[in-house]
Amino acid sequence: MIKDQEFLKNIASFCIENSKKLGATDVGVKVIHSVSENVSFRNKKLDESNRADSFAVNLTTYIEKKKSSINSSDLSKSNLEKLIERCIDATKITPSDENNSLPDKDLMSKEIRDLNLYDETHYPNNKKIEFLKKVEETASTDEKIVNTEAGFTENKNNFILANSNGFLGGYKTSNFSSSCVAVSRINGAMERDYEFGSTRFLQDMMKPEEIGKIAAKKAIKKLGPKKIKSEKIGVIFDKRISKGILSTLASAISASAIARGTSFLKDQINSEVFPNSINIIDDPKIEKGLGSQNFDSEGVETNSLKLVENGILKNYLIDTYYGKKLNLKSNGRSGGTTNLYFENGTLSFKDLLNSEKKFLYITETIGHGGNIITGDYSVGASGFMVEDGELTYPVSEITIAGNFKEMFKNITLANDLEMKYSTNAPTLLINQMTVAGK
Amino acid sequence: MSNFFKETDIDTSQAEAIVTETLKNCDDGELYLENHKSEAIVLDDNKIKSSTYNSDQGYGFRAVTGEVVAYSHSNDISKESLRKSSENLKDTLKSKKGTYNHEIPKTNSKYYENINPIESKTFNSKIDLLNSVNNYLRSKGSIVNQVTANFLGEHKSIEIIRSDNQVLKDDRPLVRFNVSVVLEKDGKKETGVYGVGGRQSYDDYLKDGSWKDVCDEAFRIANVNLESKPAPAGEMKVVLGPGWPAILIHEAIGHGLEGDFNRKKTSAFHNLMGQQVASEGVTIVDDGTLHQRRGSLTIDDEGTPTENTVLIENGILKNYMQDRLNARLMGTKSTGSGRRESYKHVVLPRMRNTMMLSGKYSQDEMISSVDKGIFAVSFGGGQVDITSGKFVFNCTEAYEINNGKIGSPIKGATLIGDGPSILKEVSLVGNDMKLDPGIGTCGKAGQGVPVGVAQPSILINKMTVGGTKL
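As they're listed, the protein sequences go chains X and A.
With numbering that gives the first Met the number 0 as the guide, the letters of the first sequence map in order to residues 0 to 437.
With numbering that gives the first Met the number 0 as the guide, the letters of the second sequence map in order to residues 0 to 469.
In short, the hints are calculated from the structure, not lab data.
Please note: incorrect hints may appear among the correct ones.
[Said to hold, decoys possible] Okay, derived cross-link-like pairs now, DSS-like style, lysine-lysine, Cα gap no bigger than 30 Å in a straight line:
#1 X:K44 x A:K443
#2 X:K349 x X:K238
#3 X:K2 x X:K91
#4 X:K216 x X:K419
#5 X:K91 x X:K324
#6 X:K231 x A:K120
#7 A:K120 x X:K225
#8 X:K226 x A:K423
#9 X:K19 x A:K371
#10 X:K323 x X:K109
#11 X:K225 x A:K423
[Stated by the list, open to error] Residues from chain A that face chain X, not an exhaustive set, calculated with beta carbons under 8 Å:
#12 Q56
#13 E66
#14 S71
#15 E234
#16 T265
#17 M272
#18 Q274
#19 G411
#20 T467
[Said to hold, decoys possible] Beta-carbon label-pair distances, calculated as ranges:
#21 A:P104 x X:E405: 54 to 62 Å
#22 A:M272 x X:K228: 33 to 41 Å
#23 A:S94 x X:E142: 45 to 53 Å
#24 X:T120 x A:K184: 55 to 63 Å
#25 X:T120 x A:D10: 22 to 30 Å
#26 X:E80 x A:M272: 52 to 60 Å
#27 X:E286 x A:H290: 53 to 61 Å
From a predicted model like this one, the values you see are computed outputs, not experimental measurements.
The C-beta atom is built at its ideal place from N, Cα and C for all residues, glycine as well.
Assemble the whole structure, with the sequences as input and the hints as a guide.
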């Protein structure tokens, strides 16, 4: 059973009181309890069951402008007393930094709205097993599928965030997720692909048959890939990976990257960064949203932000510390974005594929080839060739490369946005990237 | 050494009784207890950005029968919590019957001292050194735009209680010291990153001003990159430098030789045992027994002593890396490769220090044999798709080679290749094997564990370089 708010509040208060007693001038603390149950299947048999019951306390103490932190999983008072003492000792001898402080009181979240983030339904392991059986049965109907793995995870969380300025808030959240990985084989060569669903409420979970079917279909479609010749070509990003463009944007416009001068978008605020048809929104208050929150990791109220409007960069993602460095107020983005998405484009998926004679359609990238400082981008990729609007054959062992500054300006969006993850993008085309192959 | 049952309502013999009772119808399993202390002290942007101390303790209770793993973990070490976990495990495995394998070799030697690196250097002296790093690098001129440096230290005590009251223990120190510098010249910015570490105290890596060498190396890499031109795109010859570039070995074949993927037949290597998978001069081992190295372990996280496992000998595939579960199901023995990130994670077969051994050629011979290609000296991260065998890694320092001579530095580019065929493309193996500086962390199934790599210079006949210049 997940612990109630009272239990977590007591620990948070204990930490604040003890820190103050030992000389802290300010204190911030987060107390978290989570219970997670996972069952996984492989080739229609039970493979693993895993139950996790975890506590965490994250405490930051300030003495004027000096700051230090401790994290612990042991909530016993004797352990916490020892750690608080250690934290205060470290705080005393850490050099001060004029930007260290709790958030301004007037920015703190005042009320907690029920965003429908908690489903108390418990899905017992025998139900998970039935679900996974269906996933795998559907995934393995084609003889080309030689291996399937499927998993179901149920998570329940509760937390309290508090500080010595009187802020205290927290709420329960839940998450149900299920995935299927299918391995296909032809002529001794194998490919793998997957499908994945994640929801706040059990009733919103994809049907197991759908998860299995999609994973298998995708894995089979990838069989027998070719390596293509190196060329410059328009690259279409499948929805599973087009959201990565938004994650890159989020890193590049975080106040820390801007303040440290380590972003390729430094000094680009109020400049045209994308084509003028593009709008990018970060909305924390979406009901049942996977990235939804009432306040950020410092307790600052978060509201919907237009990061990019008509192609123009309008807002950074600002926390208290780097906000002070930039002389800007926190906009509740300590901890990053919430539900981040591109507003839909105008072209249908089909029209996008038909907008030129030939494209490369990418369904998966591997490697960490994005450089936020220079904007240079180079990753391994696999997908399909598109000729006359049709996916003609699978492609692998190639790379795609470019520079984000150029890539951002050459984006065309389809109108098939779905809210499936916390960061979501429609299918998108980037005109002219360098593909390296043979 | 931690006493896990001090200040709890349960003692060792009661815990042993619960373990024995829970596992009586199982093939394997254990109660794994862990106490983990770690610290991170970060200097960034001329300031001590953060100092954090983490204290984590808990248990992972595992029961295994056939192919099925039941796992339950908690940070509450108490009678009630263990009982609940025990019920949970028994419920999962209720329809199965196994025979407990009591055999666990006890031949281990210690490969590191039981020191706590966090306590063996004062907080003040760490702060002082970070400030010295900042001042030293910034004194190199206004070209220095940003300096980040950090200390990451940890001490982990583990205790493994098996069904027959066998108790196995290990205490593991680990440190890392990293420096990252951003240089700016003519409106162009580039980064250089370097670090050192292993299973000793910080001062073993930093004494006699050797921290300056770390700064100098980060500065040198950033400086080289300031002069870099766009990288070429397409297939060409690639010379890899010695040491850290061996993450190619780690990604390209290491993961594909882990027991779980081969038992499940999802690795591109699963049907290649005993076959020629590499050129004749290529021998690759995975060694957990190197003194004080980042990837070394006295015992693995199932209690098996680590060893030096030969994976590929003169081009022939000899062994997979095994934990107890996969070894049992494949009818072989654990190679001491069963590892987990923490008590919150199940055991998986993992790499330790993965090394390609020296051959007979000099690096000069390799470079002078290349008409057109690249020379890659340092890498960032890599990744592999086990099933298709395709892998990538990112160059952080590389040069073009023209007519047998090293030319201009080139921008960071991803290299992509095919695991099962890449080692057949290795045409020359160098005589200059080097270990990496002790900074690697390998990710698998969401679990990060410290690893090492080593290799000599090698010449690869054909690889795809993912630059922008056609």
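Structure-based check of each hint:
{"no.": "1", "hint": "X:K44 x A:K443", "verdict": "holds, 22 Å"}
{"no.": "2", "hint": "X:K349 x X:K238", "verdict": "holds, 14 Å"}
{"no.": "3", "hint": "X:K2 x X:K91", "verdict": "violated, 34 Å"}
{"no.": "4", "hint": "X:K216 x X:K419", "verdict": "holds, 19 Å"}
{"no.": "5", "hint": "X:K91 x X:K324", "verdict": "holds, 23 Å"}
{"no.": "6", "hint": "X:K231 x A:K120", "verdict": "violated, 54 Å"}
{"no.": "7", "hint": "A:K120 x X:K225", "verdict": "violated, 55 Å"}
{"no.": "8", "hint": "X:K226 x A:K423", "verdict": "holds, 18 Å"}
{"no.": "9", "hint": "X:K19 x A:K371", "verdict": "violated, 66 Å"}
{"no.": "10", "hint": "X:K323 x X:K109", "verdict": "holds, 22 Å"}
{"no.": "11", "hint": "X:K225 x A:K423", "verdict": "holds, 20 Å"}
{"no.": "12", "hint": "Q56", "verdict": "holds, 6 Å"}
{"no.": "13", "hint": "E66", "verdict": "holds, 6 Å"}
{"no.": "14", "hint": "S71", "verdict": "holds, 4 Å"}
{"no.": "15", "hint": "E234", "verdict": "holds, 6 Å"}
{"no.": "16", "hint": "T265", "verdict": "holds, 5 Å"}
{"no.": "17", "hint": "M272", "verdict": "violated, 15 Å"}
{"no.": "18", "hint": "Q274", "verdict": "violated, 13 Å"}
{"no.": "19", "hint": "G411", "verdict": "holds, 6 Å"}
{"no.": "20", "hint": "T467", "verdict": "holds, 4 Å"}
{"no.": "21", "hint": "A:P104 x X:E405: 54 to 62 Å", "verdict": "holds, 58 Å"}
{"no.": "22", "hint": "A:M272 x X:K228: 33 to 41 Å", "verdict": "holds, 35 Å"}
{"no.": "23", "hint": "A:S94 x X:E142: 45 to 53 Å", "verdict": "violated, 29 Å"}
{"no.": "24", "hint": "X:T120 x A:K184: 55 to 63 Å", "verdict": "holds, 59 Å"}
{"no.": "25", "hint": "X:T120 x A:D10: 22 to 30 Å", "verdict": "violated, 39 Å"}
{"no.": "26", "hint": "X:E80 x A:M272: 52 to 60 Å", "verdict": "holds, 56 Å"}
{"no.": "27", "hint": "X:E286 x A:H290: 53 to 61 Å", "verdict": "holds, 57 Å"}
Checked against the numbered hints above, the structure breaks hints 3, 6, 7, 9, 17, 18, 23, 25 and satisfies the rest.
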